[in-house]
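One-letter residues, chain by chain:
Number of protein chains: 2
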Amino acid sequence: MSKGESRVAGMTAKENLRPGGRSARVQASVHKAVRELMAEMSRADVTIPLIAGKAGVTPSTIYRRWGDLQELLADVAVDRLRPDMQPIDAGSGKADLETWAEQYAEEMSSGPGREMIRDVLAAQAGANACKCSEYTRQQIDVIAERARARGETFPDVERVMDQVVAPIMYRILFGDVPATKRVRDLVARVISTTD
Amino acid sequence: MSKGESRVAGMTAKENLRPGGRSARVQASVHKAVRELMAEMSRADVTIPLIAGKAGVTPSTIYRRWGDLQELLADVAVDRLRPDMQPIDAGSGKADLETWAEQYAEEMSSGPGREMIRDVLAAQAGANACKCSEYTRQQIDVIAERARARGETFPDVERVMDQVVAPIMYRILFGDVPATKRVRDLVARVISTTD
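Protein chains in written order, with the numbering used here: chain A, 600 to 794; chain B, 600 to 794.
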């Protein structure tokens with residue numbers, strides 16, 4: 600798990616912004632400027648000087664902190680990909696996972712979802728992509744914990760990542776929209792082969 | 600399968616270049632210029648005018664045909680992702696799949712592999728990403744056919760995509776390098792649950 604640990608360490612550096620500190624305020628203001636500009640114009644027209652102007656910071660502040668536009672876009676995208684709720688409690692591990700997976704497939708295959716994934720993956724540094732998959736893993740963890748608390752057996756989280764999350768994401772990225780039926784089959788399979 | 604069919608139809612338009620025709624020669628020359636420039640300089644410095652100059656065509660020829668730099672890079676990348684050999688015959692479906700999957704994981708997680716995937720996925724039009732996953736599917740098809748010809752049972756190709764290809768690709772894109780042990784486990788699982 601040294602890979603996973605270094606990932607978490609990498610994340611911490613950025614996340615340990617003192618809330619309300621200068622650094623956190625710059626980040627919030629720049630993120631807000633990016634979101635507003637992306638809503639107003641085509642993303643191809645969004646530039647660092649434009650963002651800086653809107654955020655009230657100098658372009659060099661942005662370059663110093665994010666390196667380039669793609670890293671900044673990835674940073675904003677991963678923030679929007681952070682789940683804002685616990686997975687719905689649908690009564691059983693299987694039902695929870697099914698509900699969660701259908702919603703995940705729907706959100707990620709939507710126009711904005713695809714754009715966010717593309718931004719996260721386009722950045723050279725992989726830190727944001729890792730963070731994104733970490734968010735997903737945490738959601739599955741919650742479902743798994745809840746299932747165990749009910750006394751159910753539930754597959755290993757990594758196996759759910761491999762057999763449910765990965766196929767959904769692969770099909771979204773490489774051309775298909777995973778149909779609800781397929782998502783349910785993936786869930787049914789991983790649950791039925793729990794060992 | 601209407602999605603799959605339209606994908607194939609979309610591909611055909613581009614692939615039906617008359618070999619040796621003007622269009623095919625322009626494509627070959629532009630692709631070659633891109634590959635050479637990418638070998639010489641950082642990809643961030645590669646521009647359409649530079650490519651045009653090296654390929655001996657006008658920039659507008661490139662814009663007309665590919666739309667933008669990202670589409671052109673995706674087109675070149677997918678060309679390099681086309682497998683140049685049949686999957687190795689290792690004596691059984693399981694051994695073939697294991698050999699193929701290990702090689703796939705290794706190639707795709709290498710520096711150039713990651714760069715090619717990133718280029719394919721960064722393009723707005725998804726046609727190249729579909730083509731890329733189609734190449735993979737064809738390789739699995741060959742392995743499946745060979746297994747059937749030997750009288751073995753072999754899982755459905757879509758299930759191999761979901762349970763072997765997708766997890767490998769997901770982990771490469773979202774931060775892990777899939778270890779050989781994990782790749783073997785994925786193969787063992789899909790083979791053992793063949794129904």
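Derived by calculation from the structure, the hints in this document are not laboratory data. It is possible that some hints are incorrect.
Remember, identical chains collapse to one label, so a pair may be satisfied in a single copy or spanning two.
What the hints assert, rightly or not - Below, simulated SDA-like cross-link-like pairs (lysine to any residue); rule was C-alpha separation at most 25 Å, straight line:
id : residue 1 : residue 2
1  : K631      : D740
2  : K693      : R758
3  : K780      : L668
4  : K780      : G710
5  : K780      : D644
6  : K780      : E757
Verification of the supplied hints:
no., hint, verdict
1, K631 to D740, "neither (30 Å within a copy, 48 Å between copies)"
2, K693 to R758, "both (14 Å within a copy, 20 Å between copies)"
3, K780 to L668, "neither (39 Å within a copy, 37 Å between copies)"
4, K780 to G710, "within (21 Å within a copy, 36 Å between copies)"
5, K780 to D644, "neither (39 Å within a copy, 45 Å between copies)"
6, K780 to E757, "both (22 Å within a copy, 14 Å between copies)"
The structure shown violates the earlier hints numbered 1, 3 and 5.
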